[in-house]
Each structure stands twice: as C-alpha cells, then as structure tokens.
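The chain contents come next:
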Amino acid sequence: MEDTELHTISFTLNGVTQRLRVAARRSLTDVLGQECGMKSAHMGCGQGDCGSCTVSVDGVPIRGCLLFAVQADGADIRTAEALANPDSLAAIRNAFKKHRAIQCGYCTPGFMVLADYILRNELSLDQAIQTLSANLCRCTGYSPIVSAVADLLAARAERGSGP
Amino acid sequence: MNMIGQSIDRVEDDDLLQASTRFVGSLAFENMLHMHVVRSPYAHARLKNVTVGKAASAPGVVAVWTGNDIRELPPIGFRRIPDRDLLQHRQPVMALDELRYVGEPAAIVLATDPCLAEDAGRLIAINAEIRPPVLDCGTETDARTEARMRGSNEVARIEKGYGDVEAAFAAAEHKISISCRLARQTAVPMETRGAIAVPHPAAAGFDLYGAAKVPHANRQELARILSLDIGGVVLREGHAGGGFGVRGELYPEDVLVAFAALRLGRPVKWIEDRSEHFLAINHSRDQTIHLNAAVSKTGIIAALRARITTDQGAYLRTHEIKVSDLSCAFLPGPYRIPAYQATATVHLTNKTPCGTYRAPGRFEATFAMERMIDAIARTLELDPVEVRRRNLISAADMPFDRQIEATGKRVVYDSGDYLQTLDTAIRAFDLPELRRSAEERRQRGECIGIGLAMFVEKTDTALHETARLELAADGKIEIVTGTSSLGQGMETALAQIAADGLGFPIDVFRIVRGQTDRISQSGGTFASRTTVMAGSAIHEASRIFRRKLIETSAALLGATTEVITLRRDGCCINGRNVALSELRAMIDASAHSTQLIAEADFSSGAMACPYGVHIAQVKVDPDDLSVTVEKYHIAYEIGRAVNPDLVKAQLLGGAMQGIGGALMEEISFSSDGQPLTTSFADYVTPRIVDVPAFEILLLEDWPSPTNPLGLKGAGEGGINAAGAAVAAAVEDAFAAKIAPRRLPITPKALFDLLSKTDDGLISPLRRR
Chain A
1 MEDTELHTIS FTLNGVTQRL RVAARRSLTD VLGQECGMKS AHMGCGQGDC
51 GSCTVSVDGV PIRGCLLFAV QADGADIRTA EALANPDSLA AIRNAFKKHR
101 AIQCGYCTPG FMVLADYILR NELSLDQAIQ TLSANLCRCT GYSPIVSAVA
151 DLLAARAERG SGP
Chain B
1 MNMIGQSIDR VEDDDLLQAS TRFVGSLAFE NMLHMHVVRS PYAHARLKNV
51 TVGKAASAPG VVAVWTGNDI RELPPIGFRR IPDRDLLQHR QPVMALDELR
101 YVGEPAAIVL ATDPCLAEDA GRLIAINAEI RPPVLDCGTE TDARTEARMR
151 GSNEVARIEK GYGDVEAAFA AAEHKISISC RLARQTAVPM ETRGAIAVPH
201 PAAAGFDLYG AAKVPHANRQ ELARILSLDI GGVVLREGHA GGGFGVRGEL
251 YPEDVLVAFA ALRLGRPVKW IEDRSEHFLA INHSRDQTIH LNAAVSKTGI
301 IAALRARITT DQGAYLRTHE IKVSDLSCAF LPGPYRIPAY QATATVHLTN
351 KTPCGTYRAP GRFEATFAME RMIDAIARTL ELDPVEVRRR NLISAADMPF
401 DRQIEATGKR VVYDSGDYLQ TLDTAIRAFD LPELRRSAEE RRQRGECIGI
451 GLAMFVEKTD TALHETARLE LAADGKIEIV TGTSSLGQGM ETALAQIAAD
501 GLGFPIDVFR IVRGQTDRIS QSGGTFASRT TVMAGSAIHE ASRIFRRKLI
551 ETSAALLGAT TEVITLRRDG CCINGRNVAL SELRAMIDAS AHSTQLIAEA
601 DFSSGAMACP YGVHIAQVKV DPDDLSVTVE KYHIAYEIGR AVNPDLVKAQ
651 LLGGAMQGIG GALMEEISFS SDGQPLTTSF ADYVTPRIVD VPAFEILLLE
701 DWPSPTNPLG LKGAGEGGIN AAGAAVAAAV EDAFAAKIAP RRLPITPKAL
751 FDLLSKTDDG LISPLRRR
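Top to bottom, those sequences are chains A and B.
1 is the number of the first residue of the first sequence in the working numbering; add one for each residue after it.
1 is the number of the first residue of the second sequence in the working numbering; add one for each residue after it.
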C-alpha cells in the first residue's frame, strides 16, 4: 500500500491535453475510463490477451491494460471516440454497421482502433487480417469484421487511384 | 409496410459505435464503495476460520465480511425444482464450513477504491484443513471426503425412454458402441461480469445494475434471499458484453453487492476480473456419453441406449441438473429411433459449478449422436449421408412426438422436412464437388476431410412472455419487454415486429428492456426464445395498440374511427395529419382520455424446433497436427426470419464459437484441483486467422405452427452441430482410420489418436 503515491502526468487525449495525478500502479485503461470519462475504455482481460482495451498511443495500437498510465506521460493518445480524424471515424463506424461487425459491442472500440491503424498505414488485406488477429471477439465470428475492413481498404484504394 | 423479413441496420449500433454505452463498468454513483471477493485457494478443505486481522483497518476499508457474517442468507435457489433432495446441493452465498472449489467466495472486502479493496483482501488469511479433492465422475469416495459425497459423488440420475429397447437389441443384426467425451468449456463473453447495487432509503430495497438474461427471475430470488418485498428489488439492464447462457444467472456476487449495499447504505460496485471469471462463472459441457445402437444391416437404427455422465462441479446452481436432462431429451435428434433408453448421472466434484452454455445439452448430444451415425456408416461401409437419410423422421410424421419430456415439457418437433433440408444443403453447397476436390487434394498428399452433421434445436416456450407498447411523452412508441439484450440484435428484431404490426417506420419505436419496474413479467432471454416469445407478445400488443390508437384519435378529434388512417409518424383524419407527439399532448391535455398503452401476453403449448445441416471442410497440418477449418457451411430452417442478416450473424458467430469448442477450448485442472486455465492465454479461443470461408443458407420453408408469426429461434443453431461436423471432417481427412470422439481435437489429442493406430499414420504424415 506504499503504492498510493500520486504522480503528475499529462498526455494528449483525442487532441485535448489532460493533466492528471495518478498512482503508479494504475493502468492506462483504468485511467482513461475512470478519470477521463472514455467509455470506450473496455477492460476485457487485464492480461494483454484480448485487445478490448486497444487504444492508439503515438499512432500505434497498444493494449491499454498493459501500459501504466504514468508510462503514457507525454503521449498522443487516441481512442475509439475520435480515432485519427472525423472522416476516418465516420467511415469506420459506417463500415462496421453495414457489415454487421458489431454484436455486443464490447470488443468494438479495440477493433475500430486497429481498423484506423490499418487505414492510416495503408496495409494490404493480408497484413490487415494479421493485425486484426491481435484482438478477440466472441460474438461475430470475425468474418463481418474482416469484411468491414476489406470494404474500407477497397474504398481507400478507389479514392487513391481516382483523379 | 412489411418490416418482417427485411435486413435493416441494427438500431443498437449507433449507441455502441459512439461508445456512449451503458456497460456496467462505466457506471458510477456518488459515495460508491467497491467490493473485492476473497476466494478459496483450495479445491477442497474444511474451513476452520477466516482471519480478517489487519484487513479491517487497512486504508479505505469500510467493512470485511466472511460466511459467518451472512449465515442468515439462504443458499441460491433453483429456477425449477426437479427433486427436493437436490436442494441440499445449492451453493451458499459465501463458503460456511467447507471450501469446495478453487474460487469459491470466502470473504468480501468493501472499500472506497477497488485497488484498496484488493490490497486489503491480501491480508485476509483462510485457515483450512486441506482434504483430497474429488475430481472425476464415479469416484469412490471415502471417509476423508465431504459427507454429502460419501460413498459416491453421484447426486442425481435421470431416466428417459420409450419403446422396447431390449427386444430391438435382441433382434439386432449389428450392435455398435461408441464413447464420446466433451471437455469442460465455458462461454467467455468479452465483458466480464459486473454488478452495482444502489440501496433505496431505509434499506427497503435496491436497484441492481448489470442485470442480464433473466432479470425477473433474479428479482424474485434476490427478494427471497434478502427477505425483501419483491417491489423493493429493481433490476436494471444496460448493455451486456455477450451472454451465451453464462451471464445473467444469479451468482453469489450479485447477492453480495446487494447485501453490502443494504447493510452499509451506500452503492456497492463489483467488477469481475478475467482470472476470477474463469474460476467463478458457470462452466459447461464436461460430459461423457456412451452410446449403444441396435442397427439393421441396411443401417437403420432400431434402438439406442445412452449413458451420460456429467461432471457438475461443486454445487448445483440455478440450473440444477437441467443440462443433463436436455442431453437425454435431444440426443435422438432428427432421427426416428423407434426405441430409446437414456440414463444420465450427475456427479459433484471439487471444481467450479456448471450451468448452461449456448445449446446446452444439445452441443453434447448432437456430437455423440452424429458420431454414432458416422460409426454406423463406417461399420456397414455405407455413405454417412445415406445412413442419415435412412433414419431421418419424415415430413409425414410432423408434428413428431418424441414421447419424452425435456425439463418437464413434452418434446414435439413442430414442423419441417428433414430430408428435404438435407438434400437442399447438399445441392446448395455442392457436397459431391466438395468431396471430389477433397479426394483430389488427398491424392496430392494433403490431409483434407469433409464432415456433415444434422441437428434439431429447440426454442424454449415453457414460460409465457408479456410485452407492452406505450405512447411516450416525446411521441415515440416504447416497446417494453423484460427480455434481455446480450448483443444479438434483439432490439432491432422486436422493433421490426412492432413496426410491421403498426405500419410505422422503425425510428418511431424505442425499446425498453430489462427494467423490472417497467413490466410485470418476463421469462427472460435464453434457449433462443426472445424473438419468438417476446416477438409474439409484441405482435399481439401492436394489434391492440393500433385499435386503441385509432379509437383515441377519433375520440379526441371528434371523428369516427372509419375516417382515420395511420400514416408515417401518426394518423391522418380527413386530410389532417396528427403526429404521435401531438396526439400524446392532446391526451395529456384531455380530462377524459387515458394514455395509449397496450399490453399482451403470449404463451405457447409447444416448442418451436429449428433444425439444419452443418458441413465442415478441414485441413490437418502434417507437421504440427493442427486442424484448420477451411470452409463451413450451414443450412438452417428458421420458419420465418425477422431480420435475415441478424439470423446469419447469429449462426456465423455461433459456428465460430463451436469451432473453438471442437478444436481448442478446454478448461483443465491439476491433480490437486487447481485450475490451469485462468486466462485467454491458457483457454484458447478462435482468432481471426482461424476463420473459415462461411456460407450460410437460411430456409423459411416450414413456419412454426406454435406462434402467430411462424418464428423459430436463431441463437443456438450455429453452435449446435459444430463439434459433430468438425470431428466428422477430421475423421474423413484420415480416411476414417481414426475416429475422433473427444472434443476438443487438439494437436495433442490427434497425436494420441494417431499413435494408437496400427498402421503408423503419423510417420507418413511427418514425411510429407
């Protein structure tokens, strides 16, 4: 219980600077959910296995449960509430909805963050599937999630090759 | 407007996508405390005492209680009492004198912060005399075993049957026996459980957030256990991160948060962590099924004997011995089988208690029955599809009375043509071509197999269902139901049924679900019943609502009912449009008018029985013996699909879960009863790389006669036959030289099977 000392940290959360005092042992997921009001901060296992808590830290998808909040000091964090930008957010939401990639919705924020990463980094479909394989879903049987991301990649390719 | 049958977008999705969600973990109340549960580290021990010691004075701690502090609370009851003798095996809310499984609640800490509660929990000492655990069915138990298991750990025996089994066996040309085994598994929804109890003034009751599945039944049981008036207990459901049968049963933690909130007069929150989840949530499956069939030389089954043993774990929870009962009742599946005798025995062990998990008893029964059909085909050198064809119940025999009961209700298959569906599936998925191409790849040295399995599901109709439509102040029509959203899209399906009945667009409706103070009754959400039962009640309520809407509008506007027509978001009277919100304002302003409310109750005498065919194509890796499912096809007779896309989503998700059950998932214990699978790293579930190419064919040829819309359930048909189809495919991949009859078929299990074959199947595979 010597672990209750508070540390001052700050990070950018969806473009807004946050300044917080947190105990060293608290995970980023815990702090995003409890202190920052991010309802997408879903703890699925707390052991780094399931990826429900995936958030983007400095542009890379990270398991929020495996990162202490103090380690995120100075980082640029983006969650499923915002993703990279409003256009990407709207496109990903629409694709997930259209392809029935959501059932209970608990794993959905984590998959949205992965989809955002895939689009930003222009991954191939094979690479995208490998990336999406990081996270677990128990409802959908995954193939609707793959379809949603494939659709997003195809739409991006179309835009890219256009005038 | 015909809304039934349209694959409209889900009404749930915007809320979930905007993360403006109502999962219990994101809820908080003023002055809230956090509960931590201290659990038994032993599989079996006599509990001497629990030393609270320094925990009570640790920072942030408000209270620490052990079983001794809550002795007045009765154990958690059954929802059905099949036999009063079984009541002695109910689970106490906290361990009293005996610790019976690793993870059993032994003490709770209430603190101002969840971390502090857990810190203090580490200071609590459980002083116990460790005893040898009972870990297997049929264990002969001795004096050192706990009293209730002395002599034998068998606590219940279920017998079901019909016809002259003895005579059929005496006359049989072939007697074929197989033994099947299904490992212990569980559903593992992505959100762990959670509960928040918020006390009412003067401890007269409480609101319980985090409810799911059966809020009304749990309200009643919580009121009984805590000696409260039932009106004082209000269950509140938000979003639930997956259910699959395990979430929403009444568990010790639900009672404990309520008890603590009442005692302390403060809201109390508990969120399960994942390793706790693996210890605490209902486990399932864990059955051994021996089958003996009396078979003619043409492959027709004259009689079947089944001997089922279930490892039930340490206590009988809310579902008592129901799963074993269901296994007995549904084992004969789609086949005639003129004589049948099943015996199931239920055994207590020092493991986490078992309950229901998606297609409970049926995943197991279908696996065994379909393995038997394949064994008959192999013994008689017949095509497995042909053996099925010869034994299927014919359409002329519908409705088909199985002459046995499932949990007290007669099993009658309501409608269908099993042969037609089998042929449709074979044509649609081109089984001959699948087999030809598999054979071709086998010739090239690949290890490829095709497996087919059939099944009959049931949509439970044992409990009635009430629904209400209500014109709300904002002009929306509220659909009030006590059934539960577990992610399946039930809000969409139920809104479609109401929209269909009233001719209004979907956005006029708002679903209110899982709030026990909003509706008097509900059976809940399980056994694929929600769309069928709540949907039928809503269908009826919408007819009443329509009539009342027209009558009320006529009265308020001084018109006759004949001149009123319903339009997009209201009604039209002599060319004047009156919106629903306007109508509601007029009702509020009128001294004579009553609110527009229509309530209906639906009950059905008979269960609706969807059924179908699964076809799996697998590939076995010759180096590591891992099995990959390449293709998975399902043909499913649903009667009538309210939203075909959502039905397909259920089938696909269920099949993926079933593939996990067939190939990966197994809860295991050490020889001293310590659980070895307490994380997703140990309990392996399917990932995206495991997804096969799915093809799903929905059939609506046989509407159910048991309800007005002809509906059959959608929730469990995807998982039901997955174990059977995958095992058959693996068998086929080895040209039937092995017979996988144990799930999951892990590489290790396959290695063991192959090692036992005489012709050294392993070495040529390794050479590639």
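Everything labelled a hint here was simulated from the structure, so no lab data went into it.
In this text the structure is predicted, and so the values were computed from the model without any measurement.
Some clues are possibly wrong.
[Unchecked claim] Derived lysine to aspartate or glutamate pairs resembling EDC-like cross-links, with alpha carbons at most 20 Å apart: (1) A:Lys97 to B:Asp9; (2) A:Lys97 to B:Asp507; (3) B:Lys619 to B:Glu439; (4) A:Lys98 to B:Asp507.
Going through the hints against the structure:
With a CA separation close to 7 Å, the supplied pair Lys97 of chain A and Asp9 of chain B stays within the 20 Å bound. Distance restraint check for Lys97 of chain A and Asp507 of chain B: the Cα-Cα separation of roughly 17 Å lies within the 20 Å cut-off, and the hinted pair is therefore satisfied. Under the criterion of a C-alpha separation no larger than 20 Å, the hint pairing Lys619 of chain B with Glu439 of chain B is consistent with the structure, at around 12 Å. Among the hinted pairs, Lys98 of chain A with Asp507 of chain B is consistent with the structure: their alpha-carbon atoms are about 18 Å apart, no more than 20 Å.
In summary, this structure violates none of the numbered hints.
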